[in-house]
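Peer 1: Hints given; two lone chains; assemble the complex.
One line per chain: the protein sequences are X and A, in this order.
The first sequence begins at 52 in our numbering and counts up by one.
The second sequence begins at 11 in our numbering and counts up by one.
Below, in silico cross-link-like pairs of lysine to aspartate or glutamate (EDC-like), each with a Cα-Cα straight-line distance of 20 Å or less:
no., chain 1, residue 1, chain 2, residue 2
1, X, K89, A, E98
2, X, K403, A, E64
3, X, K177, X, D300
4, X, K403, A, E68
5, X, K89, A, D39
6, A, K128, A, E22
7, X, K344, A, D95
8, A, K21, A, E139
What the hints contain is simulated information worked out from the structure, not anything from laboratory work.
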Amino acid sequence: MSSDQPPPLRRTALYTQHVALGGRMIPFVGWEMPVQYKGIVEEHHAVRQRVGLFDVSHMGRLEVTGPDAATFLRSLVAYDIAGLAVGEGHYTVVCQEDGGILDDVYVFRLANERFLMVVNSANVDKIGDWIQQHFHSSLRATMEDRQMETAMLALQGPEAIQEMARVAPTVAEGLPGRHCTEAPLAGVTAFFSRTGYTGEDGFEIILPSAAGIDLWRHFMSRGIQPCGLGARDSLRLEVALALYGNDIDTTTNPFEAGLGWVVSLDDGADFIGREALLRIHEAGVRRHLTCLKALERGVMRAHYPVLRSGRRVSELTSGGFSPTLGVSIGMAYLPPELVAVGTQLEVDVRGKPLPAQVVQRPFYRRPKAT
Amino acid sequence: MPSPADRRYTKEHEWVRVQDDLGTVGITDYAQDQLGDIVYVDLPSPGTQVKQLEKLGEIESVKAVSDLYSPVSGEVMEVNPEIMDRPELVNQAPYDEGWLVRVRLAAPAELDNLLTAKQYDELIAQAQET
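Isolated chain A (complex conformation) (with noise of 0.2 Å):
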């Protein structure tokens, strides 16, 4: 299936979709599918400054920890609430209740640095090759 094309995407799978000057950022399917059950999400609290491509969190599945990358700069103005309780929402969900955080853009034109989600879907198909 393609992904959203609403959005933009980063090298590493992560999303953003951008409403406003607020984005919000989540994995992609792609990245839930390879992490495998997803049992903890640690994510920075609601004022912190963020910079594109940095780390913004960890992402624990049962088989392996991973980092997850910024694709904006700007600050955390929210934590999905429900993703400590429940962060099998990531699998299942990837697009819509999984999501991650919602960050204030600091700097939209910013955005023109990430994927297209055909180029996203280029990329991850190329993976899918090797």
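The following block holds chain X by itself, in its conformation from the complex (with noise of 0.2 Å):
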């Protein structure tokens, strides 16, 4: 037995739930998740259909509360965050001092002086010790990590709207998307948000663990599909939404990864990361995070060499089959040049070339609300 072995994974409030639903659960970044229940297809049709249920407790969720915690959050984050109404959220990223993504994340106004953002669950440790190592004793703010005592679900997909009208009705007609109300629910305070991962109207909702564990078993009984990591990925590659990682890292700068609306410049707030962010914005960037559709049949996937009449030009930081397109489909940092829809490219599939070509980002967009 060797002494060095990794710490045992972490089970959420709902592992139980997950087992006896049938789960396969897989490590995923110190976590023992859910990959799928029925299958990832039948999952992700679920969630574009009709709706799905997620157990996304894994996220990390920081509470920074006090007089200084808009100030001191600014400074951290590339958005005007300070700037938000309470119940008020928007996504943005966390950078490091080149322009670099540390994390990206959702930061909610839920009063004047108390925020909450909900951070990756493998940049948890990180982002923490970047909190402490950023704060100094004059701020009058404190930072509390709330995972551990709560639950987090999230409810997507067309139908989450009447779902939610059952269990918190003045939620489900009373907040608009990217907002967030704190609400009683079942005799627990809930925090609820119009949030979600996967290109579709839905919920975001954090809550006591044993409450969050009745939640999930309330939808289990309205026979709403469970739902696994495997569907949240191939839901969140079909809209194009970073997974942190894959497609951004400390190494992609937000303006690249087309995310240059969550950064702002001109609030006249300093922050982590303003003064490179400012210039490579000036300067221009010199590839651009862009969709790539097969042409063919074959599956794409994450890291395979990205080929343009035969020469490498990149490689796919994110790939996949798209339940609702019927086909592979994948993202890759192109230059310039190559990045007009309908570029044709090949992709390396293990040797073989896989024709593809540029397309709109996202691949999918949901149809707008009636």
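Peer 2: Here it is in structure tokens:
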């Protein structure tokens, strides 16, 4: 027996539910999570066509409170989160000094002096350390990690609103996209946001663990499809949402990743990485995260080389099969001369060139509500 | 459920059912279940010579890609005409409509190198224990 074994995998409050539902459990960034229950394609279609439920309790949940909470958080993220109204949220990134992305996060303003930052599970420790490192004692703010005491569910799909209306009617009726609220639910106070990672309408709910199990069981009793990490990945890829560690990391900056909209350079506030991002923005980027669609059968996967006339020009940062489009899709950083829609490329699928072409980002957009 | 007794198996989870000198080849129920949703199968064209336990093709599921190995040596005579448009047949009916290729056996004695259904089921039971 070796003494430097990896630490045991952590389990969310919903672990026994997943096992009882036949979830296939896999290790995922230190957690034991379901990759699928019935099958990735069926779960994917459930979310696109009806509604699906995900356990996302592995995501980090940091609450920052105090008179300087807004100023302090603003100094850490690229977007002007100090300008958020109470009840508003925004997606953004935490950058290092050179503009490289440390994490992509969702910041919600719960109250004037209280914010919730949802961070990637793989980055919880890194971001916690980063915050500690940049905190100074003169700041009137405190940070609390809410992960251990709560569960986090994502209810996603066109029918999510009807299902939410059955458990929290005021939330379902009153919450616009990207907004959040705290409301009573079965005797506890729960956090609700109109957000998700699937490209569909939906809600994310954070609540005490025991209440989270009850809510999960309620949704199961309604016949809602439980969905695992597999469908989470195929759904996010169809809407070209970046996956940290694949499409973005410390070697990529938000502008080349197509995330210029999460960077505020002109609100007068300074933040870590601002100077570098300003320079990058003025100089223009040398590559763009670009959507590729396979033109023939075959599956493109992350790290496969991208070729132009037989010559390697890049590699896929993400790739997979799109259940909605019925073909393989992927993303890669490409130089400006290769990003025009219709540009013909090939992807080296284990030695065989698979023809692919540049398409509009995203691959899929949900039909507009009528 | 026990694997069908009318065929032989590889340790890599392929099966072959022989009628006269023609072997029909597919993957086992255990294999399709482990792979998950199958979305593409890359198989050799008719006329290709294949060798026992050498690479026959590739099978892609949403999750991953896996190599397929030929249970027998011989010439590929036919590829399942349905499988390109409906790769999900491999998930739905791995022992029937989800077959992959038919091979004219070059060396029928090779079948002795393969597992019986009972031996294959024991192998799977062991794999599931660990």
